[in-house]
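Student: The residues making up each chain are set out below.
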Amino acid sequence: MKKIDSSKKRFSLRRTRTVTLAVATSALVLAACGSTSSSQGTSSQGSSQPAGSATSGNITWWASPIAQVGIRANLISHFEKAYPKIHVTLESAPTNTDTNRSQLVTEISGGSTTPDVFMGDVIWPAQFGAHSLAVPLSKYLPSSYFAKFAPGLVSGASYKGQVYGSPLFEDQGFLYYRKDLLAKAHLPVPKTWQQLESESLTLEKDGYVKYGFVWEGDSYEGLTCDFMEYLTSAGGKVVNSGYTKAELDSPQAIKAVSFMRSLITSGASPQAVTTFQEPQAMAVFDAGNAAFLRNWDYAWANSQTPANSKVVGDVGVAPLPTFAGQSYPGYSNIGGWNLYINPHSKNIAADLTFIKWMSSTEAQMILGKTYSEIPTVESVRQELASSSSTPPPLKVAAETNLVPRPAGTPNYPQLSNAIYTNVNAALSGSMSVSAALKAAQSQAQTALSGGL
Amino acid sequence: MAAVTGVDSVVKVMDKRGHRDVHSLRQARIGWMFSTPALVFIGLVTIFPIGFSVALSLSNVNVTGNGFALQGFTFSNYSQLIHSSTWRYALVFTVFYTVVTVAVEVVLGTMIALVLERLTKARGMMMALLLLPWSIITVISAELWQYIYEGTYGVLQAIFQSIGLGAPVFLGSPTSAIISMMVADIWKTTPFVAVIVIAGLVMLPSDVYEAASCDGASNWTIFWKITLPLLRPTIAIAVLFRVLQAFGVFDLPFVLTGGGPGTATTSLAILSYKVMFQNIDYGPGAAVAVSATLLVILGCLLFLRVFKTQVGREEVQ
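If you read the protein sequences in the order shown, they are chains A and B. Residues in the first sequence are numbered consecutively from 1, following UniProt numbering. Residues in the second sequence are numbered consecutively from 1, following UniProt numbering.
Simulated from the structure, these hints should not be mistaken for lab results. Hints should not be assumed to be uniformly reliable.
[Unchecked claim] Pairs of lysine to any residue, SDA-like flavour, derived with a Cα cap of 25 Å: (1) 395/A x 323/A; (2) 255/A x 173/B; (3) 210/A x 158/B; (4) 395/A x 371/A; (5) 438/A x 82/B; (6) 205/A x 166/B; (7) 237/A x 141/A; (8) 346/A x 141/A; (9) 139/A x 62/B; (10) 346/A x 82/B; (11) 346/A x 62/B; (12) 160/A x 60/B; (13) 310/A x 67/B; (14) 245/A x 83/B.
[Stated by the list, open to error] What the simulated footprint calls covered on chain A by chain B, stretch by stretch (three residues with Cβ under 8 Å from a Cβ of chain B suffice, anywhere in the stretch; the number is not a length): (15) 93-102; (16) 111-121; (17) 216-230; (18) 262-273; (19) 419-425.
All C-beta atoms, glycine included, are put in the ideal place defined by N, C-alpha and C.
Model the full assembly from the supplied sequences, consistent with the hints where possible.
Tutor: Okay, structure coming up:
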């Protein structure tokens, strides 16, 4: 008995030693990991300020597919023709903007040196700026560089006086409609939301089409965009100008959400819109199953591509309607994408060259002319507007009223989450409109103060 | 795993000879030597992240371009949770989801196992077919279910319509979305339970059954009085595995509903993901994750306690 005890002791001593060894080894490995990432951090911090005129190097560009396959590769090949010694590798990002951001945040906050340049949503500057996840471009580029963009875009890309994103292309909500169906039924293009609803019902009832109006009602960022359009034409706001007080339980917000819900209950929109994101809404419309579609600029090109669409040649584009009694047109939410630089990038000079080229007339013309994206550079916009071959959304864009999302706070994701989860609950009928907006209000208020 | 085997072999040697000789000591040393790389690896990929999560959840975390900065100890992340109706809902939903899916899976899985065990022909083929859902990666099977549930061209909606049940949008209302998600989960993981239970069934001693049939017990009595009690340790293990998995459910709601409609299918894991990676709030996000872990460990310990007598008795036999 005693013998076993003592051997056990010896054994446990040995074990302690072995475990210590194991711990020490892992600590060493950890320390090694730690030091690499911290040295990366300091090297990028300590670099001198490049002006953006580098002509050689390798950069990685992180971008989600822009409307059509091939557009990113096309831009890269034109860029590499202009700068043969800079090699750009494309890293394809997720199309869902939330997933896209999550991956980026994880990579960049983890110290990854790639991607060097990333295409990010227009609503990211505050969050990325506040957490230093993007390089303040205004530290490197002169104010003359930012003067060429269309009004509002640069201020939207700024946070606390620094510009974080270089606008690549703009986007906004449009109303797509079936010219052929409206002509057959002798209906005008709707100018008010109520008119849109009643025309939808008429077209469905008379058997012209399966569904009236399809849009984005899923519980995600896109619903916040759609909601902003109804809310603004109802005269409401999400927050006060200082981002201190949420204003979501207002009569205007109730009017907006009640109307959105009525689209579903009346049958003007299919019940499934509460699960639709852009691709689903677009697919229903392009299959010829809906008379009206609220979508972004890129929906035009898709609807005119015979491989995806049964409605080629039958689609019209108009600004979004407004509520009866308000002046037409209504409000289109601003979307679009900017180019940002990873603060850990090893080659900020080449990154800047790439970003500058992407806002050149050549690149902006490719985006606008070939792919019907709305250019961000004012002179290119004007040139395109005067051309007869310009795609319809770009022409309609000149008449629209724009409304941005309340993205001036680093807590915008929580704020938007408060909006879309509760509005979606109201749309699906699991909460009354007023209860949903009360919940949205209190969650938005918590969000503004940095809560969960 | 390797470490455990090393210790086991040492214990066995001791049992057999009653004392330790130089040979077994050397073996032990070699065992530990071989296990060290595995231990280091486990330490790196499991223990360090868990420890780091706990540290994050108890700190004021500031995210910068250069990584996390832990700025001081705080309980505020946890108090934020307790005051958040979103977290409370996610907790209730996750517990409810776990209880329902695991209960259904255990009953169904046991039934399937009982049938399979009696199959004389094509048992191997049936097993392979049965394992198909389990072997498909959840994200992919969730995408398939998404097609089935889709609200405008979904297969299930078409079936409902053709038999005159209207055109329900399965993922469009909270109750039906939760049920749809549970069905997808049960479809996928019932085979897992069935396989574990079959393993248990095969190991049951045949003499007890012979005795029972000699005594004239009916099949029904045999099932309730012999098979099920003897199977309890096996079922306990299946339940344990399933609870641990179901409590962390992420991929199904992520693909099917994104946590919606509203927040109806937001599990603790989805909430944790949203708070951490969308809001970039690592402190509260880690607190959600740690709270979920603590709760599931607590639940499993309680569960094991309830089943302990059974498991213990089985071991004596």
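Student: Let me make sure I understand: some of the numbered hints might not hold for this structure. Which ones are they, in numerical order?
Tutor: 7, 10, 13, 16
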